[in-house]
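Visitor: Hints in hand, dock the two standalone chains.
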Amino acid sequence: MSTRLGSVHDIPLGEGRTYAVAGEMVAVFRLRDGSVRAVSAVCPHKGGPLADGQIDAEVVICPLHLTAFDLTTGCARGDLPPVKVYPVTVDADDMLVIPSEVLL
Amino acid sequence: MQSPRLVIIGNGMAGARTVEEILARDGDFAVTMFGDEPYGNYNRIMLSNVLAGVEDESGIFLNDLSWYADNGITLHTGTRITRIDRAAKVVYAEDGSATPYDKLIIATGSRAFVPPIPGIHRPGRGYHQGVFAFRTLDDTRAMIRYAREHERAVVIGGGLLGLEAARGLQNHLSHVTLVHAMGHLMNTQLDAEAGATLQRSVEKLGIEVVVGAQTTEILGKHSVTGVKLADGRTIGCDVVVVAAGIRANADVAQASGLPVERGIVVDDQMRVQGEADIYAVGECAQHRGETYGLVAPLWDQAKVLADHITGRDPHAAYHGSRVATKLKVAGVDVASMGLKEPESDDDETLTYAEPRKGVYKSVIIRDGRLVGATLVGDVRKVAFLMQAFDRGLALPEERAELMFDLGGPPAEVSPAEMPGDAQVCNCNGVSKGAICSTVQSGCKTVSGVMDKTRAGKGCGTCKPLVQRIVEWAAGGEVEEDPAASWYVPGVPMPKPELMRAIREHGLKSVSAVFATLVPGGKEDAKSKMGLASLLKMMWGGEYEDERDARFINDRVHANIQRDGTFSVVPQMKGGVTTPAQLKRIAEVAEKHAVPMVKLTGGQRIDLLGVPKEKLPQIWADLDMPSGWAYGKSFRTVKTCVGSEFCRFGVGDSTALGIALEERYQGIEGPGKMKLAVTGCPRNCAEAYVKDLGVVAIDGGKWEIYVGGAAGAHVRKGDLLATVDSADEVITLTGRFLQYYRENANWLERTYAWVPRVGIERLRKVVVDDADGIAADLDAAMAASVAAYRDPWRERAEPATPGQFRTSLPLVLLPQVPVR
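Line order of the protein sequences matches chains R and L.
The first sequence begins at 1 in the working numbering and counts up by one.
The second sequence begins at 1 in the working numbering and counts up by one.
Just so you know, the hints here were simulated from the structure itself, not pulled from any lab data.
A hint or two may mislead.
[As the list claims (entries may be wrong)] In silico DSS-like links for lysine-lysine, alpha-carbon gap of 27 Å or less: (1) Lys46(R) <-> Lys457(L); (2) Lys463(L) <-> Lys328(L); (3) Lys672(L) <-> Lys716(L); (4) Lys452(L) <-> Lys46(R); (5) Lys463(L) <-> Lys452(L); (6) Lys716(L) <-> Lys457(L); (7) Lys326(L) <-> Lys340(L); (8) Lys457(L) <-> Lys495(L); (9) Lys204(L) <-> Lys221(L); (10) Lys526(L) <-> Lys444(L); (11) Lys204(L) <-> Lys46(R); (12) Lys46(R) <-> Lys526(L); (13) Lys463(L) <-> Lys46(R); (14) Lys598(L) <-> Lys46(R); (15) Lys463(L) <-> Lys672(L); (16) Lys357(L) <-> Lys340(L); (17) Lys452(L) <-> Lys84(R); (18) Lys84(R) <-> Lys526(L); (19) Lys204(L) <-> Lys340(L); (20) Lys522(L) <-> Lys84(R); (21) Lys457(L) <-> Lys84(R); (22) Lys452(L) <-> Lys522(L); (23) Lys701(L) <-> Lys764(L); (24) Lys457(L) <-> Lys526(L).
All values reported here derive from a predicted model rather than from experimental measurement.
Just chain L, with the same shape it has in the complex (with noise of 0.2 Å):
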């Protein structure tokens, strides 16, 4: 049987990602793309770099020519369609060919709007004589050579493109004047005081600016001789480029019949409006009354459009797309999302600027959520504005943490202004060259290049900043990780959806899961180890282990190390000890030869370097239980002499500290929690950066922080809540730790956790049981309390043959004969 025949009109980057996305679900179909410049397809964004002379023309191309023979796509470059004939279902070229499509779509884009000034064109001959627009690569040559041998340019347009061009034409000619229509310049992303600040750092680059210039004429009899404004004022000049907006390509919709308004109308599967085989993406497509000339929204546009069309998700839809944008303007820093001013006198408005330095900075906020940011000259809370503007997240309580980073993590660096060789992973030395050259092989998403480069990989700090530079590497064309909101990377489900199957199918064993939630039910080992947490979570005793899906920590219940060997870490609740349990430890050391002894941070003995053979004949010469020094689990919780010895202690910290760790001891989460007791607010105990942190107080009483860390990153806990005893401590925390255990991402850890689920929303749940659920997480916990057995218990009996077996060569195996 004959696969149905798809046809593209556009060959830019709208058709041809769409195309891509459709392959990328094997869509079965006989492509054909008509393409009206004479290329593959190039990323027009980056016409900009080469207009500046920063980029190769060979290095804006997304696919060459191979690309197309290779999954066997006829292109027709040069070509221009120039009807639908939608009743017989064939599209007619400008060249009188002929071609039926069973699936149509159209991406034609948009083109250079050139505004109807007397003096622009000359009849019969397109533009005047040294008159650009600024569109195409074509465009962008011409303005090149032409440029080269002329001294002054005027650009008419201050918007982002107008901005991109004078800066660019600065590299050939020696004069630059920026005429714009509006009163300040990108006034449709900008208020007036940033569009200000922008226009001030743009003249220090030496391009010239005129707001409020209306342009009545272009002056010249045989080439351009300058510009002529509203008030009767002249500008000199021998070069004119138009870039003054962009208009949808609709043209061919238009003349064939189709609904078109300001771009093609389509619904929400890309379908154009009354028609069952017409589909339009990008630019000129109308969604909702929106049109978009963004890459994002395209993207978007194009998955769903491919989902759909291919079958693969025939319900697909898409919703209009958030914009927010950011983008480096003739060389400032300029990012905006949302409004740019507010709309009700309810929304709260915070502005900053410090003109002579050429920063402003304003946030808009309603009800709470972030609405709207303009971000000039110092974009370096980008990132996060970003992601509480697309997700909604609760914003931090000093609103000015949305500006400026307050003695927290250091501030971000952009990653156009730092030096190749810069290292950017300190763990695994991964340095900005690398990661721009791995994006630069083809590699767009985040979480690919991590992987393939390393970086990320160690602590995870450096995560956003790889991710920074990653989408500055890859101009715009980062690829959105679908996996990135599912629990493990190798189930394509959320976690609420996950435990959800979970539930419904009856799932006990990770291999269980692999087979009926996976398509094709491929195991995935990076995925193993949160699955395995996350049934032992939810299933409790009735869980089915499986020893293949824990991490070797879990395996043998110590943590490995570098070179192969294990630390050996035996229990000490809330940090105390005695002289018979120093002794045996001491007495075990030395028998075992132990190369070194240490305490922990979390106020224990660690016996480092321990081969995993003997891991064994330790815990039985210990006989003492497991302290947890490894594995996503509960570990320690830390504590200060509190009332019992010390002057100014208020509570008896060491007795709740103990209390606390034999309750919820060994409990897995999906991330390792660490928790703290401190008998009075000098915090010896350093409960305030714990995941869970109790401080005593004058009066009885004792405050219970969360979300609070002293590692890779730092952050102070929020206040949950105080309370009068003891057993209301126990009793919230497990509540606490239960809820962070069924919500949070796998390798989430509270500090991320809390301040993205927001401390208001978390004491309504676990304090005031707001969701009811009170009850219901106290006995999940409880039953996980219950189920605790300790796993050095495995010593005598081992749970898999060769389980403590050396993976390594630390001593001399016995050579297996040869026959």
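Pulled out of the complex, with its shape left as it was, chain R reads as follows (with noise of 0.2 Å):
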């Protein structure tokens, strides 16, 4: 069981957006070289839109107060808690999918 979230090329690349799945807000970003990255969509820090962030192969910089966040690892750069991450893919048909079981 997976969840299709919508076609990659909703995404520009370098950019990101959010997507409501099974009740949670999650950021899913399109890296420059093509591959695909999902976390949580709101900044820990102070609830920063992180699909609003600017990214490169490897960080998110929340909007807000810049607050770097690893885009693999969901690992905060600085002094702060992580944020979830979620493994998306992209299938034959170019959509954005996200097994289900991650997300109970």
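Guide: Put into structure tokens, the structure is as follows:
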């Protein structure tokens, strides 16, 4: 079982978009190398919208107070709790997919 | 293939630091280190803290034994090298062992200088019972043990080390006398009056000081009973500590036929003169005739040596260090840099003395640049002075500002005096204690500490204080952040070099810059916005816009707020509006239930709390141009009513404000640009504290002030020019802004940039065209002006999919069905 979020082409290269999945807000990012990452959409610091943050191959930076989070581990670069990381992939139809079990 | 063998003689601060630098550059060597002392390496500077009992021995170790093991370094402690065979490339140790090398680094440091005073040694026993040098951990331990059981100490030597020793000994015995051969304390760094001031402060601490006192004999048959001075006086004591200076430890080098003068003679690559494979670094090295006894030069040397030896930069060169010190000597703040006394009649000298408070300050200026400064008892201005000294900054016209804060920002507190729970960063609530513990956990760059603690990441005003605390907490071990001079953190180049490379390679997009100019093509999120701004400035219409390079504000042309909503500020040129415009704004606010309508500080109307997805609709309903209340760009021109209605107004500030805003609206820069035009010197539009402020004065003239600020920093702008017409104001404004755009660092506001460059220099370039670039600046600005498009036009057709889609569950989103 898995959840299809929508087409990967809905996310511009190098940006992120938020999806509501099974009651949770997930920020999905499309890296410039074409790969995708997904983390919890809300910054644990002051609730900033992470999908609005800028990214590189490694981190997303919260737009509110510029805290960086590792896109692979979710760890904060700095003294903050990590964000949840979701395993996201792109299927043969270019759809973003998150396995359902991780959402429960 | 086997890695080349690198041998280091010396396991102190210089040797270990050099190896760290080599490891950081992935140097491929089989490393062997020899240390004379039986320990890993420790911070010798901290020995005075150990003596004073404020630090445990364990706290001063820099690398413990596991560091050597983890990095594959073979360490021989307690092993003294006695000879280098340069021909066979082998070093021989006291224990008879022979170790071959391909490259050799000598980092033997220095040893205590012990003057040949009769009685100081006992034949066959070393120092006389009760006599100590102050150089190593073992010296310190022995001194503490012995001092505890005795009562009176004499310290010979009134330099830095002697003062520290005297202060430290006070913790262990009841009476300490400091005997100094020269006329005043710390004579190498301080002039006579500063030395006398320091002496009074030290005496207040209960240390007896005798200056001009040559020690001629150490008295006592079985153990020390006193010292005898040249004038016949004797001072009774049972402990003598010799702290009369240091000498380069170059015996091994000398015995092995290497060139040794005051230290081992090295070239700009730290290579021993005439040797291909032998280097020397630290206090044992003599570079261009200088030997250094401080840590900062050692770091510079270690970096050059590492760059060179690893091949990372074979041409790396050390050019010597400008020595500036800031210390707490025996509890008294002392700072000195450069000259201690004027050298020629043309040198400008300022001196301030307040003997009862123990305060003495002097600065020496040559050709408008700081060449020396001495501070005793009050070192609040040291950060600025050190910068001015290091970088040759232009000095304030009001010279007294070099010594005092005259109505400027609040006085600097010394980190040592602050309680641990004192809040340093008032934006992010970071305490001094949090900064110190981050430093203690091994993070020793200012930027690293800022990243980890978020201190200084709010309004930024506390950055200098954060820096001072990091420096203090690191005990002189603060690491220079290599990125400090870069324009953005992810591209290793300062701005001029970066702009040259961008032009050379024709790089028109942010991703092209990363791909071409960063090793490994690594992109960096924190650099994107700065690069986007720079490229847009450089290429204008040719710039290849990549939306992910923009900060969210610039992606949706609105200012993000704390709840993830945005604020919408329509343009209102010069702060002038109409009933129709007001009505429209009111209707839109009502229709969209805007939670708050507010006037901004820049005379605009702010609609706050607008969800991202509503932005295009609101812009369409307003049907007004963007007021640019976001972005690092030209923001507003605040005005007063000037001559139109005001009884006092002498110039039409409103018309000029509108003209300026029409021309320069939305122009990007390294920081935001806030302007004002005021109709008379009463300054109702606050033009004196703007990035560029224009003031009408009588006689139809306009004054242009630049570099003002009334935000986190408050600064009155400097007068750039007085001109006769509004047209001239418009031209000079464009030229000044363009010069700022091309030369300021990323996020460097004009209030920092203008004083850094100096108003005289700016006047020469912008007004007098001394560099002959005025026409180029005007043309570049004109091109940017021509390329302007109102970003709110994007409402009709989003630039990217989901450009205005919400990023937070501000409204309930449709749930994606689960298959």
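Visitor: Let me make sure I understand: some of the numbered hints might not hold for this structure. Which ones are they, in numerical order?
Guide: 9, 11
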